Structures are given as structure tokens and as C-alpha cells.
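K.L.:
Got two chains here, separate frames each, mind docking them using the hints?
Quick mapping for you: the protein sequence lines, in order, are chains A and B.
In terms of our numbering, the first sequence has 116 at position 116, counting the first letter as 1, and numbering is strictly consecutive.
In terms of our numbering, the second sequence has 56 at position 56, counting the first letter as 1, and numbering is strictly consecutive.
Hint data in this document are derived by calculation from the structure and do not stem from the laboratory.
Nothing here was measured: the structure is a model prediction, and the numbers come from that model.
Zero decoy hints are in this set.
To be clear about the criterion: a stretch of chain B counts as covered by chain A if any three or more of its residues have a C-beta under 8 Å from a C-beta of chain A, and this derived list gives those stretches: (1) 40–48; (2) 224–236.
FRET-style restraints, in silico, Cβ to Cβ: (3) Ser55/A <-> Gly301/B: 16 to 22 Å; (4) Met112/A <-> Ala66/B: 29 to 35 Å; (5) Met112/A <-> His404/B: 39 to 45 Å; (6) Gly166/B <-> Thr158/A: 55 to 61 Å; (7) Ser15/B <-> Pro122/A: 55 to 61 Å; (8) Gly99/A <-> Leu98/B: 28 to 34 Å; (9) Tyr304/B <-> Ala160/A: 49 to 55 Å; (10) Leu138/A <-> Lys249/B: 19 to 25 Å; (11) Gly166/B <-> Glu127/A: 19 to 25 Å; (12) Leu5/A <-> Asp285/B: 45 to 51 Å; (13) His183/A <-> Lys249/B: 51 to 57 Å; (14) Met112/A <-> Arg4/B: 47 to 53 Å.
Ideal Cβ placement from N, Cα and C applies to all residues, glycine included.
One letter stands for each residue in the lines below.
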Amino acid sequence: MDQVLVTAVGVLFAISTLVLLALGLAVIFGMMGVVNLAQGEFLMLGAYTVLVSTSHGLPVWAGMALAPFVVGAIGVLFERSIIRFLYGRPLDTMLATWGLSLALVGAVTLVMGPATEGIATPLGSIEIGRYSLSVYRLVVIAITGGTVLAAYLVLGHTRAGLVARATMQAPGLVAASGVDPRHVFMATFGVGAALAGLAGAVMAPLTGVVPSMGLAFIAKIFITVMVGGSTVLLGTAASSGVLGLAESAVSYVSTPIYGQVAMLTLALVLLRLLPDGISGLWRERR
Amino acid sequence: MLTRRQALRRFGAASLGLALADLPPGRGQAAEEIVVGTLLDSTGPINIYGLPMVDATRFAIDDINASGGVLGRKLRVVQFDTQSNNQLYTQYATQLILESKVAVLMGGITSASREAVRPVVDKYGALYFYNEQYEGGVCDKNVFCTGVTPAQQIGNLVPWSVQEYGPKFYTLAADYNYGHISADWVKLYLQKSKGELLAQEFIPLDVVDFGSVIQRIESARPSVVFSLLVGGNHIAFYRQFAAAGLNKKIPVVSPTFGLGNEQIVLKPEEAEGIVVIYPYFQELDNEANRKWVAAWHQRFGAGYPYITDSASTVWNGWHLWAMAADKAGSLEPAKVIAALESGLTFDAPEGRIALDPQSHHVVHTVHMARVNDKKGFTIFKTVENVEPSDTKQVCDLIAKPGQHTQYTPKF
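Extracted from the complex, chain B is given alone in its bound form (with noise of 0.2 Å):
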């Protein structure tokens, strides 16, 4: 029998515990620095792109700090762990922009959970960067999408397999939105190619049997794989691919392997010879980069894995950013965002990169490597400067600001 004595001890005991598990960070700190939000997958299949980036973002973020900070303000990142949950990206997002008021958003890694948060930025007019390869398209006054994309990657890709591999493709697509926009830009380059698509199939990111897949691949008898595969699940294609000992019989191309160091996952006979193309890989020999993985390997073990594309975008987008703030002399999202519109350009480590102030991308020189017996990749091919002409073509936030939309490509 609970007493009245006795129930209000508890309540206050849990009314008590409730109010200081709520009480903000000590209030003078929070005034000097500047919080800046993320959302990234550290746990589930996705977390194979996150973990770099969360590591990318921590470098990114004391490197800035270190060299005295935004507007003369040490950064302070507020982080969360969105589990390959597109549920937690909305929930995280709203509660980054409301209740702990961030300068700026950056996360999200598939293009469902950027479109998860999307939404949230623009009901409530924040800032927010998308640091990761994707489908292309997005064109929205609040974000601006660093990583590399369809122009820059498929547009390079598949005029260079149908003239070294022959004209008939095979399409293996992770099956949500990135993976059928994606599908979508193949099918126009190869048509631009004249090449020919034998078969496109869409597979849902929690299949792990691909038996049915490849006997079909087989029967088809493509000059090359096509692959759009996402996430720790799909990787169980390569294994069963060279399981099959198909891997020596059909060349496999992706825009996607290796972002989430499948290369590593995977073993070298299993994944070698696997051609990918991206701005960024570990072995670019420049001197920045030279630099910046001696500075990454310093901080986070000689023995780190790899240090992915979308480790490198992370990167890129916390200094454009930070770049804008100065530049601005402002947090204010429109401020910030007329800056990132100026033209600006960036030394990266994967080398100089430009924003473009219409379409909020960034033009790219991108390079073509093969996956080799060491875990990593030999680059053989480079094409220089192109800008993302999939978005671009269509989208102008300096002529007509107010868009929140991505388009797609259409036949």
C-alpha cells in the first residue's frame, strides 16, 4: 500500500532526477563556443561508411579548432549515433536544430536518411551539409551536397567500360531511392555510350543470399557488373561472386565499392581487380594529402583500415563551412550560405576542389582505380576538374533561391 508519504518521496525523487538529467551544459562554456551538429551511423550495415566519417568529422573539427576556430570561437560538435535508423536521422536532426540550436547540421550518409532530414532542415531554415557520393539532383537553398556524384562518377565510368569491357551491362542496384536514381543515370550515359542494358535488378539492403542473382548474371552473360550495391549486407555479393569464380570471368564496376572499405572486409583474391572511381583514395600522391594522412595516421593508429572518399568529403565540407562562417563574419544560416555561394575554393587532400555557388556542389577531379592485392586501390586514369553537370543542368539557387526539391533524371 503505498502511503501519500511515500509517494511523494518518489515523485520528487523522479521529478528531481528528471529536471538535472536536463539542466544544460555550465552555462559560460556554451557562450564561447560555437555548437555544430552530426549525424552518422557508428552501429547496423551503414556504419561501414559511418565510422570513417565520425573520425573524419573529429579531425575535421579540432584541426579547425586548432587553428583558432570559427569567428574566433572554438567549435563544440554535439554527436549522435543514428544506428542505420532513418527514424533516429528526423528525431536527431529536429532535436540538433532545436533544442541544442546547432550553427550547422552535417550527417547523413544513404540518401533515404538525407532525405529523412531534409525536410526537418528546411521547416525550420537551418544549414545543413550532405558529405557523401550520392545520386545528384538535390537542390535546396539550405543544403549543399560536397560529395561526388553521378556527372563525375557514372558519366566517367560507363563510357570507359563499354570501350574496355564491351557494350552489354548488368545492373545490380541496392533497392531504395540512391539505388534507382542511379540506375536511372546508367541507363542515359549508356545510351550516350551505345552500349546495352541486359538487365537491372534491385535488391533490398538486408539481402544477404545472392544465389538467384548471380545465376542470372550468368545466364545473361553481360560484359560487365554494374554494381550499385549499399551497405555491410551486400558485401556478401563480391564473397559469393568469387565464390562462384565469376570475378575472373565478368569485370565488376561500382561507384559505391570501397566507400565503406569493402575491400577490406573482403579478401584480396576475392575483391581484387574491381574497378571504382572517386576524388579521393588514400594513395593519391600529392603533397597535401601526403601531409593529411600522415596527420590522420598520427592521430588515429598506423594501422588505421583506410581512409575512404567519404572520410576525405567530411573533411572538405567542415572547412567550407568553417571558410563561409569567417568569410561571413556570421552564424546566420543566410549569411553563412550568400558566403558558400561566392565562389569559394578549397585545398583539399584530394586536391583543389570549388563549390559551385549555383547548384551547392563541388567540382571534382576524379580518378579510376583498380582494387589491388594490398586492401587498397592503384589509380590508373584521372580526369580533371568536372563539374556536377547531373544537378547543375538543372538547378540554379542564385536564380531562383526559393527551391527545396531534388530532380531526377528523366527519359
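Chain A on its own, in the form it takes in the complex (with noise of 0.2 Å):
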């Protein structure tokens, strides 16, 4: 019995992490089509405030509260400088996130230094029967449950969603209601690098902190928004939760490998069937 409720934990685990990490790039691509192929170093920057404030005496909270502001910021810096230029033009786009990705690591290779940094990850561990759980894995699928709610009242609960939501439909009918679809280009981009900024905070005290650790989830999150299609929160909290579901399963009951090789099969074979991904099928119906 405990060895069950501890699995769920772990499956709950890896579809939370799965669902926060791709939550920013659901809204940058999602939303607003931009192939953000620097999504990964986004998270780098939330994982380096973390690291920051807690060296200068912060406690981890606060640095990860700090997380989405500072990258949020930098993502409306580089959406005003590079971004809104490139807008209907994906190849360009894609260029241009794969030059500030590489930039980003090679700035932060330079002022961080490239040596991996550690992050004690906070709060002890419980006992469930036999075995023990790191209390931190529940904080993370509470925070991942507060941000998906927070993001699903926000877009669908309050003016500035159904603006943002407006926009990305038909923005000529929005510029001539008086609200300036440039600013919520901006503001959007901004939400999307702010979220990137708050997964890889979180991410931060579970793995270590090197310049280099958006490679170790662009590819994962870039699949999840891909097979979730455009619908932002649905689609992507489905196509997590299968994926999710698929690696940590086989994960669990083989070893790691198998369960990466299950969720990239799981995702070819969605992506064959869903070619506009799993929203698709909700699309269609309407």
C-alpha cells in the first residue's frame, strides 16, 4: 500500500514538473506562436536567481519568489529588443532564440563562472510506511497545482485574459477597441518568461545549477507543448499528464531509459494521430 501511494507521489511528481516547466513555452508558442528556442535558458535564469539570492543570505522562498519578476523582466527586455521584430517570421525567430540562447549561456558562463552550483533542497523527508519521501517533491506539485489555477483564473477570470486571449485571435479588432495588441504581445512574452523563470526556480534544489541545464529540458518541453497543441492550459496540462504519466510509469517499473524511450515513442505516435496535438481533438468538436 505504501509502495503504491509513494509511485503515485512520484507520477504526480514527474506530470507537476512536466506541466510548470512547460507552462512558459505553452504560452510563448502556444499562445502567441513564437518558437522560443531559448525557453530553456529562461529557466537557467530563474535556477541563477535562486542561487544568487540565496548566496547573499536570502532564504530559498524568497529567491524563488524573486524567480519570476527578474526573468519576466528579461523577457520583456529581449521581447522589446529582438522578439516583436521577428513576429510571423518562424524560421527568423528561431534563428534569432538560438543566437540569444547560446548568448545567455556563454553571459552567464561568464559572470557565473561555468562550475556546477548546488542548492540544498529544503525541508526534510517523511516516512510512509517503509519508505521515505522528500517533502520538497509535495511542495512542488502544490506550487505546479497554485500556478496551473492561477494561470486558468487569470486567463479565463479577468480582463487581461480575455485581452491576451483577444489578441492572439484577431488583433485588428482588439487595436480598434483602444488596447494596443503591441503591449500585450509584450506583456504575454513576458508572462511566458516569467513562468520559465518560476519552473527552473523550482527545478533549482533538485538538480544543479550550471549554465548549461536548459539543454536538460528544451527538448522534453518543447514535445509537451507540441503534442498539447494550442490550447494553453488544457492542452498542455493533458499532454503532460500523458507523457508524464508514460515515462514515470515505465520509469518506475524498468529503469530511467526506458521511460524517456516510452514518453518520445507515446509522443511520436500522439503526434501522428493529433497533428495539431491533443487540443486538436477539443478544437475539431467545436
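P.N.:
Here is the structure:
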């Protein structure tokens, strides 16, 4: 019984991390159609925010709260300077964000050094029967749940969310009603970056903090967002659920290698059957 | 519209630029100096091992030059950052051998990188030193492996662990040639010590989530976890293991932990108590090491994180080559190899080491230590002059010199 519980927590944790990591890209790519190859580096910047703040004596939670704002601001900066000239030009955006990714890794390496840094995992462990579980994993699940809920409420039930959704579908109409679409794009990109910053900050105590850490995540999150399709929340959640379940379930039964194989195979199959991602199912029904 | 004049001007400028970029350095200088090459990872997940090794390279070259160089000539080192990318190892090795015409090539960190370099070295008959702990078995006339090997590490760590903690082992190994071959060595030594292998798992180098692994370890209830994990991403295992409170319940022993200063990246409460075994520790209390550590701190700063066994191995490698080249009176690979096979000994910071002529490996005295609460190690046991028997028993490059292979344990 305790094994089932611990496994369930593990699977839920794997799904949660995938949701959290992919949410930022879902906003930027899913909503705006911007292929942001620097998304992994936004994650990395969030992790470094926590590292820098803890090395200045702040508690790790303060660093995590700070990370979305810092990375969001950086995101807005890059949107203003690079991305906004390239809307509607996906190949150029890919090239530009790839260059941005390399530049960010290089810049952080120069400033912070190439060595791997560590942040201790906060909170201890709890006993579940014969098994020990890290409390932080439960916290990550909770943070993810909270973030998804917040995103749902903002997107669906606030004016800002309405304006954002409208701008993505009909910018001309939104402009006619007095809101500058360019400001909306800027803000949305900033939010996508902020979400990435939060995800990176949350992952930092679990993995190491190193300039190249974005690489470990970028492939996974792109796959998740593509399989999810253009619906930001439900698409990403569904895709993370399915892929995360596949990876962790197979991982638990055998080894992490086969878990990754299972996840990628499933992504392949899903994309073949649903070229628009899982969101394609819902779009058609409407 | 591009006119002919414009085109000529542009192509002319481009060609000039390319030509200038390709000019060799001042010819006069190059004739005096000996060019040597090194390939190490300063960036990417393997840089946790690479950074101290890069520093050790500079330190060793400067030391050799300060004592008059080799054959009366100063050394000039050409170094490439291979960025934890094995493709670059092959590419830069070729470049160093053919373009820079290095007298000796040193480098490679993971066994995968070494095996990416070895064919290049064999193809062009260059001399290559691999200065890093590894899984043993390389039997190649052109190659000298100065690092610590399974007979020296695993061969002592396994019997001690069975005695100290119990016979049930759970092996976690990095999923590439080093991990697989070393895991085989663990099986072999475990058989000899009458231990029992509960399970062995191979983890790809880019995995950072060890939740499932930790759960399986808990189910299996081993007496000890034998870790052959490698690289920056695998540090997450120790962190997650400690976060689940298991570091207090199940002991971890490892022949790789510490080579990448994992005990500094982790917090003391996460790493304390892990048992390791190496020929070199910064804490070694002998005359030579005290002086060496002091000189290192003077050169690189007193706040230097920790001088690793890999750094000490790199130092040994450069000095052994310099000794042999001086002894041979020549830089020709064949002559230097003959000198290296003449039974050299060297007073290293770790103590006196001997280069075994037949196997091209080094006889090391090894020490067992525990990670302490000061981001360092506390030595508790020493085994003197352990032969690299894993390679020596199958490899005799004097009797059979034409070998360019790697032997692996068979069951």
C-alpha cells in the first residue's frame, strides 16, 4: 500500500514538473506562435536567481518568489529588442532565439563561472510506511497546482486574460477597441518568461545549477507543448499528464532510459494521430 | 546588383581575412618551443572534472618550464575546450596532431572521450596520455593511462564494503562504456568477496530525476549502494537521496564521487559519510603534498575549492612525459615510448609512483576516505603500491607491442 502511494506521488511529481516547465513555452509558443529556443535559458536564469539570492543570505523561498519577476523582466527586454521584429517569421525567430540561447549561456558562464552549483533541497523527508519521501516533491506538486489554477483564473476570468486571448485571435479587433496589441504581445511574452523563471527556480534545488542546464529540459518541453497543441492550459495539462505518466510509469517499472523511450514513442504516436496536438480534439468538436 | 568591381573587392577582402587568420604564430618563436596539446572539458556537465584538470595542466607546464623545460626547450601548450562533446574530441585531436604537430597529446576525461581520441592517435602514430581514473584495460602502444584503475579502487573498495556494511550491493552506474565495464568489475570482485548483487542500474548522463531509482533502492534494501555515477547531472542523485533521508539509512560507496568536487556542490549534510578511494587527496599528510598544495594555493588562490585526484593525475602525466623525453633525448614518439617503458618512478604529491613498463599504467598507493563536514575528506585506511592488475594481467606491451585495444572483464 505504501509502495502504491509513494509511486503515485512520484508519477504526480513527474507530471507536475513537466506542466510547470512547459507552461511558459505553452504561453509563448502555444498562444503567440513564437518558437522560443531560448526557453531553456529562461529556466536557467530562474535557477540562477535563486542561487544568487541564497548566496546573499535570502531564504530559498524568497529567491523562488523573486525569480518570475526577474526573468519576466528579462523576457520583456528581449521581446522589445529582438522578438517583436520577428512576429510572423518563424524561421527567423528560431534563428534569433537560438542565438539568444547561446549568448545567454555564454554570458552566464562569463559572469557566474562554468562550475555546477548546488542549492540544498529544503524541508526534510517524511516516512510513508517503509519508504522515505522528500517533502519538497509534495511542495513542487502544490506549486504547480497553484500556478495552473492562477493561470486558469487569469486567462479565463480576468479582463487581462480576455484581452490576451482576443489579441492572439484577432489583433485588429483588439486594436480597434483601444488596446495596443504590441503591449499585449510584450506582456504575454513576459509572462511566458516569468513562468519559465518560476519553473527553473523550483527545479534548482533538485538538480544542479549550471549554465548549460537549459539543455536538459528544452527538448522535453517542446515535445510537451507540441503534443499539447495550442490550448494553453488544457492542452499542456493533458499532454504533460499523458507523457509524464508514460515516462514515470515505465521508469518505475524498469529504468529511466526506457521511461524516456516510452515518452518519446508516445509523443511520436500522438503527433502522428493528432497533428494539431491534443488540442486538436477539442477544436474540431467545436 | 553586384558589379564586378564590388564582387572583386568583397572576395578579395574575404580571402585576405581568411589568409591572415590562418598565419602560423611567429616562426622564430615556434622553432625554440615544443608544442604540446591538451583536450579537456571546461564547459558542459563534464566540466566538474575538467576545470581542476585544466588548472593542473597550466600548473604542470609552468613547473616544467621553470625547471628548464624539456630538452632545454620551453613547452607551449595548445588547449582546446571540448565542451563535454565527444565529436569535438575527435576533431580537435586530429587538428592538434596534424596542424599543431604536438609532441604529445594529453587529455580526455570520460572513457567515451578517450575512445574518441584513441583511434585518431593510433592512425597517426602520436603519443597520448590519458590522465584520469577509468575502468582499466586499455592496451595500446601509443597510449599511457596514468589514472587509478578498478584493481586499485574497486578491488579494495568492494571487499572492505562487504566486511563493513554487508554483502548486498545495489550498483548505480552511468550509462556508457565506463559505467558498464566498471559495473562488471564490481560483479567480479563481489563474487570473490562472496557478496550478492541485488541489482544494477544504468543511468544516462543527462538524467536528473532519480525518484524511481531511489524508490527501487528502498524496495531492494541493500547493505550498501555502489555508485558509479558520473557528471554534473548525476549529482542530483545524492541530493535527492539525502532529501529522502536515505543517506542516514543506507551507506554509499563510490570510486567516482569527489572527482568532480561533488562534495563541494552538495551541502555537508547531503554528502557526509560517503566512502571513496583514491591515490590522491588534498588532505594527504606528506612533505611533497604539503609543498604542492601550498604552491597550488599560491598560484590559484587560497580559496580554491579542492584539488582533485584528477588534477594530481594530470600533474603526474606531464612530469612523467617530460622525464621520459629528457631521458630519450628526443621527442620522437617511438623513442619517448621506449623511455617511458624503462621503469620510471616519480615523486608525486601522492607519494612515489611507478610507471609499469608492460601495461603502460601506474602503480598507485590508494587511500580510503569519508566525506567530512568541511567539504573535504578524512582518510581512514591506506593500501600501499597496488598494481594495476586489471590491465597488467592481460596486457604486455613489451612482449606484444602491436596492440591497440581495450580489454574488458569476461565472466
